[in-house]
Amino acid sequence: MTDSVTPRSRSLSVAGVSRSFAGVQALTGVTLAVEPGMVLGLIGPNGAGKSTLVNIISGYDFPDEGSVLLNDEDITRAKPHIRARRGLARTFQHGHLFGGLTVRENIEVTALGTGKSARESVTTADELLDEYHLRGRENHPASSLPHGVERRAGVARALATSPDYVLLDEPAAGLNEGEIGEFAENIRHLRDRGLGVLLIDHNVRLILDVCDRIHVLVEGRTLLEGTPEEVRNSDELVEAYLGRSGSVQR
Amino acid sequence: MAQKSLMWRLGPLWSLVSLLLIVYAVTLVNSRLGEGIQVQMRYALVNLVIVVALQMFIGTSGVLSFGHVAFVAVGAWTVGLLTIDPELKRNLLPDMFPFLFDVQAPWLVAVILGGLVGGLLAVIVGPFLMRLNGLQAGIATFALLGVVSQVLTYWSSIGPRSGQSMVGIPDVLDLQTTMLITLVIIVIAWLFQRTKPARLLRAAREDPIAAAASGINVVPQRVIAFAVSGVVAGVAGGMFALTNRVLQASQLGIELTFITLAMLVLGGVLSLSGAIVGALVFSLIDLVLVQLQSGVDIGSFVVSIPQGARPIVLALVLIGMLLWRPSGLTGGREFVWPFRKHAPLPGNPVTND
Numbered sequence: 281m282t283d284s285v286t287p288r289s290r291s292l293s294v295a296g297v298s299r300s301f302a303g304v305q306a307l308t309g310v311t312l313a314v315e316p317g318m319v320l321g322l323i324g325p326n327g328a329g330k331s332t333l334v335n336i337i338s339g340y341d342f343p344d345e346g347s348v349l350l351n352d353e354d355i356t357r358a359k360p361h362i363r364a365r366r367g368l369a370r371t372f373q374h375g376h377l378f379g380g381l382t383v384r385e386n387i388e389v390t391a392l393g394t395g396k397s398a399r400e401s402v403t404t405a406d407e408l409l410d411e412y413h414l415r416g417r418e419n420h421p422a423s424s425l426p427h428g429v430e431r432r433a434g435v436a437r438a439l440a441t442s443p444d445y446v447l448l449d450e451p452a453a454g455l456n457e458g459e460i461g462e463f464a465e466n467i468r469h470l471r472d473r474g475l476g477v478l479l480i481d482h483n484v485r486l487i488l489d490v491c492d493r494i495h496v497l498v499e500g501r502t503l504l505e506g507t508p509e510e511v512r513n514s515d516e517l518v519e520a521y522l523g524r525s526g527s528v529q530r
Numbered sequence: 045m046a047q048k049s050l051m052w053r054l055g056p057l058w059s060l061v062s063l064l065l066i067v068y069a070v071t072l073v074n075s076r077l078g079e080g081i082q083v084q085m086r087y088a089l090v091n092l093v094i095v096v097a098l099q100m101f102i103g104t105s106g107v108l109s110f111g112h113v114a115f116v117a118v119g120a121w122t123v124g125l126l127t128i129d130p131e132l133k134r135n136l137l138p139d140m141f142p143f144l145f146d147v148q149a150p151w152l153v154a155v156i157l158g159g160l161v162g163g164l165l166a167v168i169v170g171p172f173l174m175r176l177n178g179l180q181a182g183i184a185t186f187a188l189l190g191v192v193s194q195v196l197t198y199w200s201s202i203g204p205r206s207g208q209s210m211v212g213i214p215d216v217l218d219l220q221t222t223m224l225i226t227l228v229i230i231v232i233a234w235l236f237q238r239t240k241p242a243r244l245l246r247a248a249r250e251d252p253i254a255a256a257a258s259g260i261n262v263v264p265q266r267v268i269a270f271a272v273s274g275v276v277a278g279v280a281g282g283m284f285a286l287t288n289r290v291l292q293a294s295q296l297g298i299e300l301t302f303i304t305l306a307m308l309v310l311g312g313v314l315s316l317s318g319a320i321v322g323a324l325v326f327s328l329i330d331l332v333l334v335q336l337q338s339g340v341d342i343g344s345f346v347v348s349i350p351q352g353a354r355p356i357v358l359a360l361v362l363i364g365m366l367l368w369r370p371s372g373l374t375g376g377r378e379f380v381w382p383f384r385k386h387a388p389l390p391g392n393p394v395t396n397d
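The listed protein sequences derive, respectively, from chains Y and X. Each residue of the first sequence is one higher than the one before, starting from 281 at the first, in our numbering. Each residue of the second sequence is one higher than the one before, starting from 45 at the first, in our numbering.
Calculated from the structure, these hints are not laboratory results. Certain hints may be false.
[Stated by the list, open to error] With a straight-line Cα cutoff of 25 Å, these simulated BS3-like cross-link-like pairs (lysine-lysine) come out:
hint: 1; chain 1: X; residue 1: K240; chain 2: Y; residue 2: K359
hint: 2; chain 1: Y; residue 1: K396; chain 2: Y; residue 2: K359
hint: 3; chain 1: X; residue 1: K240; chain 2: Y; residue 2: K396
Modelling step: build the complete structure from the supplied sequences, incorporating the hints.
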């Protein structure tokens, strides 16, 4: 990953996306946009439709209605590998590293997969191994990594595509406080380089800490979107998470 | 320091050199053990090349194929048609397309063309079959074998009439030449492991969902691996034709498919070392069993096993291996320089570390 990542143009956006499964409405008319150099948080209670939305944005599912645009290009029906090559990377909630390959090979094959040469893929891996403190693990099988290292390796692998936008699906799940702090720094660094980041996580403190804007989904619909301050002070959010009498950890 | 640097560079080569040395040594020993054993060794090397072809595809992609013997069959047919004397073809294969009577090629050119025909067939069917996974892929490739087998059995315009054999293939391939071709194929397979398609396929084998997010379009990569392994299988078919010198489609069907797959499982599907060790060990056990079926004199005793016991013993060996060590004798790992820092992971080639 080089520091010279330049966003190609405007945004990664979702417009009026709806999706149902066997009559159950998972998403209804959701619209959001991630711009270069911005961290957008996506939060919501379990079953809010976050994973469905991430799958639709990354090409693992398709909407019944609405569209997904990447830098003004309609990618609603594009396959995941096409989106990855166009600059949209993602991590997975459950790791999904190539378990039988080493950490280095995980990064190198991803760089190769998005069209880099063998030499470039080695350089990309060297940079990301350093940046994500994975040097000591580079020749270890990805299946043997401790949870925190696995999360870092997942992000490093996603960045090997040299993306303009990256979707981080619950990257902080299972991390301790120290690791979460370190991770927050990594996310800010991505933003500073000009990447657009869509961060999905249950850790509200992390979301409030690193995001420029936050999009709240409840039962497949947009409840609100605003700055961390606006969301923090929203009674609607408290009600959605904890009911009328609750309070959210701020 | 310079020496360490040299070893660092040559380390991955050791995995290749060790395999070449093993095949060379086994061939050398067998070449000293009499005519009958030499013939058996030639067949063992042909099977070894088929197993290498299987490993190049199955081991790399994780997709099951019961169809590679179809590429062996078309390779064998091609070599047969190109090497039999034209006069003999006119007399023995009268129904053939007339232009085929006079088509001739030196045996080595014929073997290369046999490989290319195998690869061409793989390229034609690959885009359809390579969309499938798991058992679906196994059944579809098995269907390919069935179709090719039927065509070669009944289409007398490209071979003998049904029930007859293709005979008159010249006796040009000795044990040493067979070994040389085998060594060249091992080098090709070793190099293939390091290509971009092979690396991308190994990733997709580990996790197809994550592979898509890594920009990997798996179908074209599988087609490439299918085609390259089809070429190797076609060359193996040519070697079989020049070794057996009599061809019938029934020789190149289900039985050969399962024997070669058993060899691969025995050695370890995920590594080239597994393919080679599996083929050699299986052939060695088979050789011993063949001798035992005929009776072996040990002093004043004759040790023998009942006729028909050979396939039973081979099946028991395979079942035992699947239970005791499902990843095969090599555990799916390549052979490595014994003093290197990191052992390669199962299913991965040896690289510098």
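Each hint tested on the structure:
Taking the CA atoms of K240/X and K359/Y, the gap is near 21 Å; set against the 25 Å cutoff, the hint holds. A threshold of 25 Å between alpha carbons decides the hint, and for K396/Y with K359/Y the separation of about 19 Å falls inside it, so the pair holds. The straight-line distance between the Cα atoms of K240/X and K396/Y is roughly 10 Å, inside the 25 Å bound, and the hint therefore holds.
When each numbered hint is compared with the structure, no violation occurs for any of them.
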